[in-house]
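Each chain is listed here by its residues.
There are 2 protein chains.
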Amino acid sequence: MKLRLDSGRPDLQIGEATRRGMAEFATGVALAATFQGDHIQAVTVNSFACQSLRPPIVSISLREDLRILKTIVESQVFSVSIMPIESHVLADELGRPRLGQVRGFEAGSKWGRRSGLPHLKSALAWFACELDQLVQIGDHVLVLATPTEVRTSRDRLWRAGPSEGSNADSPLVFHRRSYTTVEPWQLGSEPTSR
Amino acid sequence: MKLRLDSGRPDLQIGEATRRGMAEFATGVALAATFQGDHIQAVTVNSFACQSLRPPIVSISLREDLRILKTIVESQVFSVSIMPIESHVLADELGRPRLGQVRGFEAGSKWGRRSGLPHLKSALAWFACELDQLVQIGDHVLVLATPTEVRTSRDRLWRAGPSEGSNADSPLVFHRRSYTTVEPWQLGSEPTSR
Numbered sequence: 000m001k002l003r004l005d006s007g008r009p010d011l012q013i014g015e016a017t018r019r020g021m022a023e024f025a026t027g028v029a030l031a032a033t034f035q036g037d038h039i040q041a042v043t044v045n046s047f048a049c050q051s052l053r054p055p056i057v058s059i060s061l062r063e064d065l066r067i068l069k070t071i072v073e074s075q076v077f078s079v080s081i082m083p084i085e086s087h088v089l090a091d092e093l094g095r096p097r098l099g100q101v102r103g104f105e106a107g108s109k110w111g112r113r114s115g116l117p118h119l120k121s122a123l124a125w126f127a128c129e130l131d132q133l134v135q136i137g138d139h140v141l142v143l144a145t146p147t148e149v150r151t152s153r154d155r156l157w158r159a160g161p162s163e164g165s166n167a168d169s170p171l172v173f174h175r176r177s178y179t180t181v182e183p184w185q186l187g188s189e190p191t192s193r
Numbered sequence: 000m001k002l003r004l005d006s007g008r009p010d011l012q013i014g015e016a017t018r019r020g021m022a023e024f025a026t027g028v029a030l031a032a033t034f035q036g037d038h039i040q041a042v043t044v045n046s047f048a049c050q051s052l053r054p055p056i057v058s059i060s061l062r063e064d065l066r067i068l069k070t071i072v073e074s075q076v077f078s079v080s081i082m083p084i085e086s087h088v089l090a091d092e093l094g095r096p097r098l099g100q101v102r103g104f105e106a107g108s109k110w111g112r113r114s115g116l117p118h119l120k121s122a123l124a125w126f127a128c129e130l131d132q133l134v135q136i137g138d139h140v141l142v143l144a145t146p147t148e149v150r151t152s153r154d155r156l157w158r159a160g161p162s163e164g165s166n167a168d169s170p171l172v173f174h175r176r177s178y179t180t181v182e183p184w185q186l187g188s189e190p191t192s193r
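Going down the list, the protein sequences come from chains A and B. Heads up: the first sequence runs through residues 0 to 193, numbered per numbering that gives the first Met the number 0. Heads up: the second sequence runs through residues 0 to 193, numbered per numbering that gives the first Met the number 0.
Treat the hints with care, since some could be wrong.
Simulated pairs of lysine to aspartate or glutamate, DMTMM-like, Cα-Cα distance not exceeding 25 Å [unchecked claim]: (1) B/69 <-> B/37; (2) B/109 <-> B/91; (3) A/109 <-> A/129; (4) A/120 <-> B/91; (5) B/120 <-> A/129; (6) B/120 <-> B/15.
Selected chain A positions facing chain B (in silico; Cβ < 7 Å) [unchecked claim]: (7) 52; (8) 72; (9) 135; (10) 138; (11) 149; (12) 174; (13) 182; (14) 186.
These aren't lab readings, by the way, just hints derived from the structure by calculation. Note that the coordinates shown come from a computational prediction; the quantities given were computed from them, not determined experimentally. Ideal placement from N, C-alpha and C gives every residue a C-beta, glycine not left out.
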């Protein structure tokens with residue numbers, strides 16, 4: 000399915016206004032990653048979302064020229080790691096794929112392998128995902144996937160939880176084109192609908 | 000397009016794990032709204048996203064049984080208001096549509112009308128949207144739309160900006176099933192890719 004991949008010039012003014020408006024909407028930050036041989040391909044995304052709970056379907060949005068998209072299509076699987084504040088340098092590095100290429104690198108101290116997929120050890124939550132469908136939307140591709148395994152840093156089998164007062168538990172947040180995190184206090188404890 | 004609207008029981012265990020995992024991913028909070036006659040239908044969403052910049056395409060994800068979805072399909076237009084922290088009570092109220100019904104109410108001091116659409120006066124950013132396409136994904140419908148007008152609270156024609164040190168400029172954020180906001184400090188000033 001292709002949507003509005005118009006020939007001709009898009010309206011740059013409304014495009015710039017959209018970009019500025021969207022900057023007001025805060026998002027978490029995650030790494031989408033997959034193995035290509037022994038190398039990890041990974042890219043920073045703030046488009047991670049849950050599209051359905053019954054059945055569970057999650058999504059990421061990727062630029063159509065990203066190499067990792069090809070690898071995901073080939074392998075049919077990828078992982079998503081929700082990043083803590085301490086990983087902001089990595090988020091910045093992997094948010095700048097040069098010429099559409101995502102840096103491949105060996106799994107070092109930051110990365111492990113779980114269920115055949117890369118996992119960021121510091122992740123607040125980690126999802127193993129199986130590709131369902133690609134939807135082309137303008138200059139991006141919406142990658143729809145079924146989570147097959149989900150772990151959070153609060154699962155005892157996952158890792159020791161952060162010590163009291165540590166900020167290892169704080170999420171990395173992207174807002175007004177900058178990294179920050181959430182305030183430690185909460186206004187309520189009730190879920191919204193999506 | 001229908002995706003995995005499986006007959007039979009979905010895997011409740013992975014569904015619950017997905018819900019817990021997604022709670023680690025912070026999101027902004029917005030109100031999708033439309034007029035039905037003189038009444039406003041509005042629902043709280045944390046699924047607002049930009050799917051493409053060239054051309055600009057944004058999206059919200061709505062439960063398929065929400066009445067506002069029918070109204071949007073009929074009118075082909077809706078607005079999205081990104082909420083500031085001060086609007087958390089409204090976010091909570093409009094996040095609980097009873098039996099799939101969204102409360103309609105007269106535009107009072109909180110709401111205005113702009114380009115024929117409701118706008119939340121306290122919004123950090125406001126989008127007028129034209130429906131492009133609906134994509135059924137499991138139990139939700141992804142509503143793809145083209146922004147036709149975008150304003151932010153920083154636009155001089157929109158409203159007087161918040162005074163220095165005021166928190167009227169702070170976004171409402173949803174994380175771990177609670178409302179909060181972002182820290183006022185920033186880790187960097189660089190954009191990530193989506």
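Comparing the hints with the structure gives:
1. B/69 <-> B/37: Distance ~16 Å between residue 69 of chain B and residue 37 of chain B Cα, so the pair holds.
2. B/109 <-> B/91: holds, 15 Å
3. A/109 <-> A/129: Since the Cα atoms of residue 109 of chain A and residue 129 of chain A sit roughly 23 Å apart, the hinted pair holds (cutoff 25 Å).
4. A/120 <-> B/91: Answer violated: residue 120 of chain A to residue 91 of chain B is near 34 Å, above 25 Å.
5. B/120 <-> A/129: Distance of about 42 Å is beyond 25 Å: violated.
6. B/120 <-> B/15: Answer violated: residue 120 of chain B to residue 15 of chain B is near 36 Å, above 25 Å.
7. 52: Status holds, d = 5 Å.
8. 72: With a closest approach of 17 Å, the residue 72 of chain A hint is violated.
9. 135: Interface hint status for residue 135 of chain A: violated (9 Å vs cutoff 7 Å).
10. 138: The hint holds - residue 138 of chain A has a Cβ within 7 Å of chain B, the shortest such distance being about 5 Å.
11. 149: holds, 4 Å
12. 174: It holds, given that the least Cβ distance between residue 174 of chain A and chain B is near 5 Å, below 7 Å.
13. 182: With a closest approach of 5 Å, the residue 182 of chain A hint holds.
14. 186: OK, holds: residue 186 of chain A within 7 Å of chain B, min 4 Å.
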